Structures are given as C-alpha cells and as structure tokens.
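Dock chain B against chain A, hints included.
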Amino acid sequence: MPAGTIHKPHRLYAKGRVLGFTRAKRNTKENTSLVQVEGVQTPEDAQFYLGKRVAYVYKASRVIDGSKVRVIWGKITRSHGTSGVVRAKFRSNLPPKSFGASVRVMLYPSNI
Amino acid sequence: MSAATKTVPVKGSKNGKTRTVLVNKPARFYPAEDAPVPFKSRKAARPTAIRSSIEPGTVLILLAGRFRGKRVVFLKQLGSGLLLVTGPFKINGVPLRRVNQAYVIATSTKVDVSACSIDDSINDDFFKQTKDAKKAKKLYEEEPKKSAVTESRIAAQKKVDAKIVAAVKKTPALTAYLSASFALSKGQYPHLLKF
Numbered sequence: 001m002p003a004g005t006i007h008k009p010h011r012l013y014a015k016g017r018v019l020g021f022t023r024a025k026r027n028t029k030e031n032t033s034l035v036q037v038e039g040v041q042t043p044e045d046a047q048f049y050l051g052k053r054v055a056y057v058y059k060a061s062r063v064i065d066g067s068k069v070r071v072i073w074g075k076i077t078r079s080h081g082t083s084g085v086v087r088a089k090f091r092s093n094l095p096p097k098s099f100g101a102s103v104r105v106m107l108y109p110s111n112i
Numbered sequence: 113m114s115a116a117t118k119t120v121p122v123k124g125s126k127n128g129k130t131r132t133v134l135v136n137k138p139a140r141f142y143p144a145e146d147a148p149v150p151f152k153s154r155k156a157a158r159p160t161a162i163r164s165s166i167e168p169g170t171v172l173i174l175l176a177g178r179f180r181g182k183r184v185v186f187l188k189q190l191g192s193g194l195l196l197v198t199g200p201f202k203i204n205g206v207p208l209r210r211v212n213q214a215y216v217i218a219t220s221t222k223v224d225v226s227a228c229s230i231d232d233s234i235n236d237d238f239f240k241q242t243k244d245a246k247k248a249k250k251l252y253e254e255e256p257k258k259s260a261v262t263e264s265r266i267a268a269q270k271k272v273d274a275k276i277v278a279a280v281k282k283t284p285a286l287t288a289y290l291s292a293s294f295a296l297s298k299g300q301y302p303h304l305l306k307f
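Residue numbers (the numbering used here), protein chains in the order written: chain A, 1 to 112; chain B, 113 to 307.
Next comes chain A alone, as it looks inside the complex (with noise of 0.2 Å):
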C-alpha cells in the first residue's frame, strides 16, 4: 500500500476465536462449536450475542463461483460456562483444522 494510506475501519462484526468442539474428557460432540468472543468475559456479557450469525471463513486453492475464499455459516445458540465462551451451530460441522481459527460474528440478527 502507498506510504501515508489513511485505513478507515471497515469491521461490521465482532471476532471471535473457534476454541474446540463441545466436550467432555473422552467424548466430542461435533455438531456444536465453541466460540470465544473478543471482549466478552461473563455470560451476561454473552447474552447480547446470542442468536447472532457466525461465519468461518476460510480460504481453498480450488475456485468455485469465481472466490477462492469459502464460508461456512452458523449461528451463536447459547452461552457455554461462566467466562463468557458461547457456543455456535454451524450449517455444516467446522473441520477441526478450525480450532484457533478467527471467526466473524456479525452484528445481525439485530435487537438494538
């Protein structure tokens, strides 16, 4: 970029982390994500999330529909223990090659 470029913000969503799988010690259920918010430390502060759409977007050497870059779209179901981590239904389970991965957590579904 030329030196002396302004960057005007352009972020409509919050980012988040995808930290694993729901859980127990030896047993996954993969149809739910975990979710960690940027920000976000207490469930109360997890309720303004919920119900909002997810996306992990990531990006494959293959083109289809003239993007290399992909999505897979989910939405935040409920809250998941007390720091604020939230959990995430996708319309396809995340591949675990997500675990670490920055995921997009838009704004809509609105209630403001």
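Treat the hints with care, since some could be wrong.
In silico lysine to aspartate or glutamate, EDC-like type, Cα no more than 16 Å apart, as pairs [what the hints assert, rightly or not]: (1) B:K188 / B:D224; (2) B:K271 / B:D232; (3) A:K68 / A:E30; (4) B:K306 / A:D45; (5) B:K188 / B:D232; (6) B:K298 / A:E30.
Residues from chain A shown here face chain B by an in silico Cβ test under 8 Å; the list is partial [stated by the list, open to error]: (7) P9; (8) L12; (9) G39; (10) P43; (11) F48; (12) Y49.
Just so you know, the hints here were simulated from the structure itself, not pulled from any lab data.
Bear in mind the structure is a predicted one, so any value in this text is a computation, not a measurement.
In this text, a Cβ means the ideal position worked out from N, Cα and C, and glycines have one as well.
Chain B alone, transformed into the frame defined by chain A:
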C-alpha cells in the same frame, strides 16, 4: 341474491326450447368415508411490531447488504413490515430503500422529520420489479445490464429528501455524521457500545 336455478337454451328441434338448471349443482361423487378436515388455523395476521428504539427520524446503521455500515434516516414502516429508509441520497448515496429491522441498529440520534410527509404512493408496490426489469433479468446473455433508475424513483427521492436534508442541515455536524460510515475498530466491543 342470485337465483338458485337458471334457464339454459337447448338445441334440437324436438327437445323443447329451454331447460331450467340448478346454478349450484350437487356433487357428482361422495367419498365412502368422510375425509378428515384439517383444523382451522387460529393464528391471526398482525403487523410486524417495530422495536421501541425505532421511530420516524431515527438514524439507523445498516448492518448488511450493499449499503452496510451506512447511517440512514428511518421514515416509516411499510405494509409488509419492512422499514422505509433514505440516506438521504445526496448525503451518503443511499436511496429510498426497504430494510428489515433485524439488519439494523437504531442509534439514539433523531432527525426531525415531522415536516416531511411521505406519499402513500411509496409503499411495497413502489419497490416491486417492473415487468420489463423482470424480462431483462431473465434474458441477460453476457452480463446483466445495469438497469437505469426510473424517473418516478428519482422524483420521489428528490421530493422526500428535500425536507429531510433541510432538517439535517439545521443540526451541526449531522450531515458529516450521516455521510460517515460506521465500523468497529480495535478495542470496540459491540456489547459494550452505546448506540
């Protein structure tokens, strides 16, 4: 009240000139057992309720779609339940548009739109695709041609925006506010923001 019978002309010289025929004929076929009748729905169609934070003149932030991030002025709720908004067009390029309230954040900023009366002709039909536009969409060969904006839309836009831009200009910095887009930056968490 229509009659139960009607007279019908009959052809053939030996058949008499007319017949009297029942208007509502009884059924030709009755099933052996009564078919089960589904229950009548007890749901009543009601207009979509708007959030209390959304009132005419409220500045809304569009969250998705072509104009995501834009701050627009809410005008009224249409019959379909969608919200009618405008940029105004001269300020941020958003035309008269319908938007679903789930894809909108209502801010506490309000514009005085009491002076502006929106024509009843701006309703859901106003936004319906014309037959020509539908045909063009079906027939596009190489690339879909950019559809020209109809004169009626431009005229309606100017009429509505005139009063709103006047009201916006009265408040200091409101024009700049509406022309700037909303976005999150580092350290801003939506659940902590006050809109």
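Violating hint indices (sorted, rising): Of the numbered hints, 3, 6, 10 do not hold.
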